[in-house]
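Visitor: Let the sequences and hints guide you as you build the complete structure.
Protein chains: 8
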Amino acid sequence: MSLLTRINADDVAFLLIDHQSGLFQTVKDIEVPTLRSNVSALARIAAIENIPVITTASEPKGPNGPLMPEIHEIAPHAVYVGRNGEVNAWDTPAFVDAVKATGKKKLIIAGVLTSVCVAFPSISAIAAGYEVFAVIDASGDMSPLSTQVTIARLQLAGVIPITTTAVISEILKTWKHKDAYTYAQALSAVMPNYQALIESYSKAQEVALETKK
Amino acid sequence: MSLLTRINADDVAFLLIDHQSGLFQTVKDIEVPTLRSNVSALARIAAIENIPVITTASEPKGPNGPLMPEIHEIAPHAVYVGRNGEVNAWDTPAFVDAVKATGKKKLIIAGVLTSVCVAFPSISAIAAGYEVFAVIDASGDMSPLSTQVTIARLQLAGVIPITTTAVISEILKTWKHKDAYTYAQALSAVMPNYQALIESYSKAQEVALETKK
Amino acid sequence: MSLLTRINADDVAFLLIDHQSGLFQTVKDIEVPTLRSNVSALARIAAIENIPVITTASEPKGPNGPLMPEIHEIAPHAVYVGRNGEVNAWDTPAFVDAVKATGKKKLIIAGVLTSVCVAFPSISAIAAGYEVFAVIDASGDMSPLSTQVTIARLQLAGVIPITTTAVISEILKTWKHKDAYTYAQALSAVMPNYQALIESYSKAQEVALETKK
Amino acid sequence: MSLLTRINADDVAFLLIDHQSGLFQTVKDIEVPTLRSNVSALARIAAIENIPVITTASEPKGPNGPLMPEIHEIAPHAVYVGRNGEVNAWDTPAFVDAVKATGKKKLIIAGVLTSVCVAFPSISAIAAGYEVFAVIDASGDMSPLSTQVTIARLQLAGVIPITTTAVISEILKTWKHKDAYTYAQALSAVMPNYQALIESYSKAQEVALETKK
Amino acid sequence: MSLLTRINADDVAFLLIDHQSGLFQTVKDIEVPTLRSNVSALARIAAIENIPVITTASEPKGPNGPLMPEIHEIAPHAVYVGRNGEVNAWDTPAFVDAVKATGKKKLIIAGVLTSVCVAFPSISAIAAGYEVFAVIDASGDMSPLSTQVTIARLQLAGVIPITTTAVISEILKTWKHKDAYTYAQALSAVMPNYQALIESYSKAQEVALETKK
Amino acid sequence: MSLLTRINADDVAFLLIDHQSGLFQTVKDIEVPTLRSNVSALARIAAIENIPVITTASEPKGPNGPLMPEIHEIAPHAVYVGRNGEVNAWDTPAFVDAVKATGKKKLIIAGVLTSVCVAFPSISAIAAGYEVFAVIDASGDMSPLSTQVTIARLQLAGVIPITTTAVISEILKTWKHKDAYTYAQALSAVMPNYQALIESYSKAQEVALETKK
Amino acid sequence: MSLLTRINADDVAFLLIDHQSGLFQTVKDIEVPTLRSNVSALARIAAIENIPVITTASEPKGPNGPLMPEIHEIAPHAVYVGRNGEVNAWDTPAFVDAVKATGKKKLIIAGVLTSVCVAFPSISAIAAGYEVFAVIDASGDMSPLSTQVTIARLQLAGVIPITTTAVISEILKTWKHKDAYTYAQALSAVMPNYQALIESYSKAQEVALETKK
Amino acid sequence: MSLLTRINADDVAFLLIDHQSGLFQTVKDIEVPTLRSNVSALARIAAIENIPVITTASEPKGPNGPLMPEIHEIAPHAVYVGRNGEVNAWDTPAFVDAVKATGKKKLIIAGVLTSVCVAFPSISAIAAGYEVFAVIDASGDMSPLSTQVTIARLQLAGVIPITTTAVISEILKTWKHKDAYTYAQALSAVMPNYQALIESYSKAQEVALETKK
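Protein chains in written order, with numbering that gives the first Met the number 0: chain A, 0 to 212; chain B, 0 to 212; chain C, 0 to 212; chain D, 0 to 212; chain E, 0 to 212; chain F, 0 to 212; chain G, 0 to 212; chain H, 0 to 212.
Where hints are given, some of them may not hold.
Keeping only pairs whose Cα atoms sit at most 25 Å apart, straight-line, the calculated BS3-like set for lysine-lysine is [what the hints assert, rightly or not]: (1) LYS27(C) to LYS27(F); (2) LYS27(B) to LYS27(D); (3) LYS27(F) to LYS27(G); (4) LYS27(G) to LYS27(H); (5) LYS27(A) to LYS27(F).
For the record, the hints were derived by calculation from the structure and aren't laboratory data.
Guide: What follows is the structure in structure tokens.
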């Protein structure tokens, strides 16, 4: 049953929609630096696993502002698809074509605003037969109330709400992974207390060994 | 499947129920000016798209106070249906008749209180075979807990919770829309930071051009 | 479909479980006076509509404390069923018998703690073929997180979460009701701002008439 | 003693500093529309009482964005003083000269950010012998913690923290004021629930009179 | 030193300013029923101790609504002083005369809004040589930010912020007081959990004695 | 129907996953001492009921830190299963074997982080035909938003969210239980106000009896 | 200047007032287990440093409940002084005598409620010439608003607000202290994340050394 | 008067105390990444202005963890002073000597925990005749209540609470500064929305110029 489906590095594509500096100013359900860090962490994992990434922006030259540059810097293989004014990215044929071209049937979608730029294409993709995960904390909306409403709507449509940490961890699968260190860095960026944890741990070991000598 | 249905300008009607100044005093899950702005934004879109709007008030001459005047000012084509004491607007035959007269099968419902004036007719309309969207942030309730409970109840009944931003954006469909400017204004009213954004953007362009000269 | 069912004065029974002064000290998701007022408002409506009310307490002589006295004062027809140590009231045969004796198939359940004293018998009653509404704000739990978890559990079981205001309003049906004034008083107790509203309204009319003279 | 000083229409000047659309994006301790409404209400009172208003912007052509236009629209007598890069407006001689030119010794200061654009000139003005009121809710800062810290700093410096409502009410002095209606409108803008109150009151009186007939 | 002064039943007067049903709708820093309960508790203590109470309302026939009736019901000796439009009650000569007539030099002031109706006369009274306590939780204001600002302003002016519980407890002085039971009831109204505590305690003792038999 | 299933002492197993001191530093949706107390309370009940407990840690020697020692101290029969780097404990064959060895078909799962260490094996267990309860407040996640998202995801998968109090109470079934006292202690640890309640109750009885003498 | 005074083990006394299980039920500004832990931590330090501790309870046999037993268990040298009904402990001659008998001029005061049981004797002690520190998080009050008001009142009276951590750390002075380990334990109880920190640290060192072998 | 003192690049020293990765885990009044960014921004300004920076750590080899490395990386001229167990850095003679060696009389102090590592040396420095600013948002404490208490204590001692933004802006003085760009970067790090603002602004200008062509 698809609601129990798992995410694997080789069967998903990432759709990152309207992560634009102007729209970030309207985000009130999550801190903007946290949001940006989470999107970057997804990009980092996509880069090392060669997961297809499609970005799009509604009007990068208008007041919504430019796409956050980190995505394409971190994941140079990401494909940008312009839109011709469509609000729902799934209404842009070139965007749907790009998704089809990936050959993947599981989509990980994040964007700003969650209630619009994530919800609309997520529901459309479900209608088109895809399995869809909406990454709520790599997305942003205008109020916590709006996020609460949107999660309820997504549940009704069969879209699976998920967090950045869960996406990365599901793809990682095992710490025996050859790129475990990169994964640890990505998770540290998502969970800032984890970074301090690792610093303390290393120091404690260093001290123990020094003392031993 | 109806839970994936989309909203289009030509297949929906707006039902705005008991947005009265007295009842506004009992609203605690959203700021009242935000609530009024959101309702006005819906009215504005209804006006330019000629979407049927039906308003009703439980007792406009009693302590619940008069209907907020903005709706009929902004959308003069809106139809007001009085009730004869019924709490659930769907129990008023004239109200159901007015809905039928629109010929639409998708209903966008907002009102105060969410748990009563929105929930009851929404569930009745589902039972009568309609597809129903409840606009939570164009509605108001007496506590966040009450809103949380009501969203859960609506989900169980198959009513789709939605935000004002999502309703307007779903109807807009594309920024190539001939009334894009009006939509941008409506969205600015819903997302106040968006207004400041547009002001900054316009100024930035003006400066760039001046400097160029 | 039962998830769309409506509440009527003549087809429901109220089950008020473990509203005890000791347990009230553990409630953290709602203010205790609000909780008590909401329970009393339910009792008041039950009294005028002759809706069956069954109360029960887990250990009224132990540290959980005595049942709040308002219920039986306001609704003298309420029936108290003692338990013999059972946590889930539905495990007490006398309690189930009392429910059966009412002849009603729709149950309105409230109690303290929501996650235990409401959730357990609600789910049991669903399993026994009843339609069940859980009145979240006439119940109390030890944290907002606990309430959030419990609402999710109830949704999965098909129990309908509802608020006190919605229960009273669904039973009222119309303000042409012969006891409309009592209903208005009950709703004022649930929504304190409504009380001030009515005071202001009466004064405004009095002033207008005086001035007219 | 100056800490007990009162505000009068004829002995104060309003200094409105850096209320720019770009800086509004960094405000997190108050909703931006509320902030803008409060500033506009101050301008409205200044206009009818002919209270001197001095505005200034750090860099109106840079990313901080243009000054919010409402101030000069509502209070056309307001004087704009440009700065030459100075962060603390009191470091701009033309600004201090403009203040001196008003001949007033009590200053009402608001701006964005509170911790910088309000705090610095407030403290400088105290040092220069003025009595200073800082209007915290006609100002904005980057976090509630920042506002808390800034209020503590202002207290230490002898700057009196105040709200927009208090400023307007202190100037009004009596509802027998010839412009009482304008004051009521200004206060309604600051306290949105007050607007609904007045609507309900008027309706109640109208109904009472109609019924009387 | 006056900032260390204590409150005694025979040397204080209570000034309750603008506790009107309309203004209650604008209160956002405290629940309205809590506010009303706290004011009533002060009235109750004033009644048994014969502490002078002066009430006043800005415009009891206008949209601010009538004075809450509980005060004069509970404390029939309270004196009502009308105002002629003055915002600051201390600007009404009849009000100041009424205060003088009490012969007390310590004033306990509460009202709605805290930032206006409490702050202005409190500061004026300090200037006139009185010792002043402002009862913050028997008062109400339009936002927590507004309350925070007002407390800071009052501190600067030498007004002592206090709570209802502290006022009642300071006057009580000892539980050997002949009216200790009335005080316990008043405190229970202010601290609702205390009511449940007493109910449980009584029950526990009753059970212990029954069991003993 | 499994969503109505009940928990019994003899048909469940407890899976406690990655409750490690390092990971606790990343928990932000619940206080860490509360989380630890809740986990310990589960262990206590498991010990007296002989419910199988399986613990596991992702990397007890790495920065995630050692397993909290209380579990194995309180429930010495608990079985620890090491993992070989797998994130999802269900991907570790030895873990699944340990679960199978218990012979139970209902699993009570808690862990840190909820969105990863609880969600992944919960969903896998559902897929493998188990009935699964996720104990949200004996688990921890990096933000309330993350918890909200995870509860929604679990609902979609048919995992039943539950609280520690509800788990213990469902297993207790009746206060006639031979270990009722231990249950009361466990519940006191989960609900700290309950502890004070019992202390007060005992004292009240003692006083009553003394007085009687 | 006394506002800069420091706390030393040999010049202070601890006054712990009305930490009773019944009163704990009314505490809403801090979690009760946190409050109890903080009080216990103070008792622990008093025990090892032989700092005088005076406890008192308003009515330990009444509904306020018994004194929390931990204090006298941890600090057996603590002296209990009964009161004869006085609300302000400083009004009980035996209490003041006990304070004088300690010979200390710096008092560390904590209690429940902060606004009454801490504020009153603190202000009285200042008037009597003592230097007073009020430990806000080893005390409890009925709402955050109440705490905010009380801190403001204490500041005006010259009472120094302080935290449990600060008290313990000021007395510790240096980690070269012979009882540093006990201090570390006390601080771990006050800061639960610190406990996990130490567990992780020890494990990290153990692992490093094992690996080294 | 010193409470009106201003901060200048050439008359202050920065004291950064106990910013250690272990202690960061106990911080609950501010997000840890925000705290780290704020400290780094201070370091950046110190580096370009050659402001003396003194760092210290209580036990960098113990569980408190290593000093955050960013400080010395960004400000290589910073001086590290070890302590010999002293909690209050001012009790370490080498630390006081280092402060004296800077020749500055105004100290900007930040650290973790605010209530201990900032408050103690701040008060000691005031006693030693320095002017002291405590940077609350470049410091961290274990709860918002703790921060509130500490700010009140600092106010009583004459320590000026301040924010990172205010410190940087006071030193900047004018945007005509030769290093204005570095300051803008530092402020962007402190106010993340400012970063998005600048990105949008630059894009808007670029678009305007392109379009012009």
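Visitor: Look at each hint and say if it fits the structure.
Guide: Evaluation of the provided hints:
The suggested pairing of LYS27(C) with LYS27(F) holds, with an alpha-carbon distance near 19 Å, which does not exceed 25 Å. Distance check on the hinted pair: LYS27(B) and LYS27(D) sit about 20 Å apart at the alpha-carbon level, within 25 Å; holds. This hinted pair checks out: LYS27(F) and LYS27(G) have alpha carbons roughly 20 Å apart, not beyond 25 Å. For a cut-off of 25 Å, the pair hint linking LYS27(G) to LYS27(H) stands: about 19 Å separates their Cα positions.
Restraint check for LYS27(A) and LYS27(F): the C-alpha separation of about 19 Å stays at or below 25 Å, so the hint holds.
Every hint from the earlier list agrees with this structure, and none is contradicted.
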